[in-house]
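Q: Sequence:
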Amino acid sequence: MTTTIKTMLFDLDGTIMDTNELIIQSFIHSLKGIVSPEFDREHIIPSMGQPLTKQMQLFSGREDVTDLVAAYREINLKMHDDYVTAFPYVREVFAKLHGAGIRIGIVTTKMRLTTERGLRYVKLYEYVEPGAIVTIEDVVHPKPHPEPVQRALDLLGADPRTTMMVGDSGVDIESAEAAGVISVGVAWSLKGEAKLRESGARHIIHDMRDLYAFVGLE
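Count the sequence shown with the numbering used here and you get residues 72 to 289, in order.
Rather than coming from a laboratory, the hints here were simulated on the basis of the structure.
None of the values given here were measured: they were computed from a predicted structure.
It is possible that some hints are incorrect.
[Said to hold, decoys possible] Just the calculated beta-carbon pair ranges, DEER-fashion:
#	residue 1	residue 2	range
1	D111	H274	46 to 54 Å
2	R232	Y196	24 to 32 Å
3	E134	H100	30 to 38 Å
4	E92	S131	17 to 25 Å
[Said to hold, decoys possible] BS3-like mimics (lysine-lysine), calculated; alpha carbons at most 25 Å apart, straight line:
#	residue 1	residue 2
5	K262	K103
6	K149	K167
7	K194	K77
8	K125	K262
9	K103	K77
Note that CB positions come from ideal geometry on N, CA and C, so glycine has one too.
Required output: the full structure, derived from the provided sequences and hints.
A: Laid out in structure tokens, this is it:
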């Protein structure tokens, strides 16, 4: 399946970095006393990938969630290195794609501090094109709006027709498709493969190395 893919954009959490348990524990700790004692991972998973403020408003029923966001970020930073790992083969794939001249960008709803910290911690930062990281702080409209993906395309001077966006949630797929980029869902998403297909994913990969087929590196 050799194509003319020249650029690959990646979501961060749940796609290339396994931060799922870190996110879940950060919510559970920061919402203690705010939500019912029954609140658990099953309440959290469906909205993962959305902006933190929006999630906190959803879970707490409050409009002003400044204190909850601050509490989440404090806990998240404290526990970061205990939980964060790269998903299997991600580093190998990034190195090989980078070596083959494929340009790599990151499009995430995380803030820049934890985005760059995570990428450096799991040793992926060096493979990302300089300046090609789009965070929640760089856009007015986060995913599923096309703006984050469009911004990454602009930063890289990339053609959407030769660009893929790889993600684990519906917002990644919708943002990619709205920006005219080829959407790819990851089967290890906590939301499940069916959800990604429902969101319009054009391809589903079951192993990070499946990306080689799109650039003739099988």
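Q: Against each hint, give a clear statement of whether it holds in the structure.
A: Hint-by-hint comparison with the structure:
Look at D111 against H274: about 32 Å separates their beta carbons, and that is not inside 46 to 54 Å. At roughly 28 Å, the beta-carbon separation of R232 and Y196 lies within the given 24 to 32 Å, and the hint holds. In this structure the hint that E134 and H100 lie 30 to 38 Å apart at CB is violated, the actual value being about 22 Å. Checking the proposed 17 to 25 Å range against E92 and S131 shows it holds: the Cβ atoms sit about 21 Å from each other.
Pair hint K262 plus K103 holds up; C-alpha atoms about 24 Å apart against a cutoff of 25 Å. Between the alpha carbons of K149 and K167 the distance comes to roughly 32 Å, so the proposed pair goes past 25 Å and is violated. A threshold of 25 Å between alpha carbons decides the hint, and for K194 with K77 the separation of about 22 Å falls inside it, so the pair holds. With a C-alpha separation of about 18 Å, the suggested pairing of K125 with K262 holds against the 25 Å cut-off.
At roughly 45 Å between alpha-carbon atoms, K103 and K77 are farther apart than 25 Å, so this suggested pair is violated.
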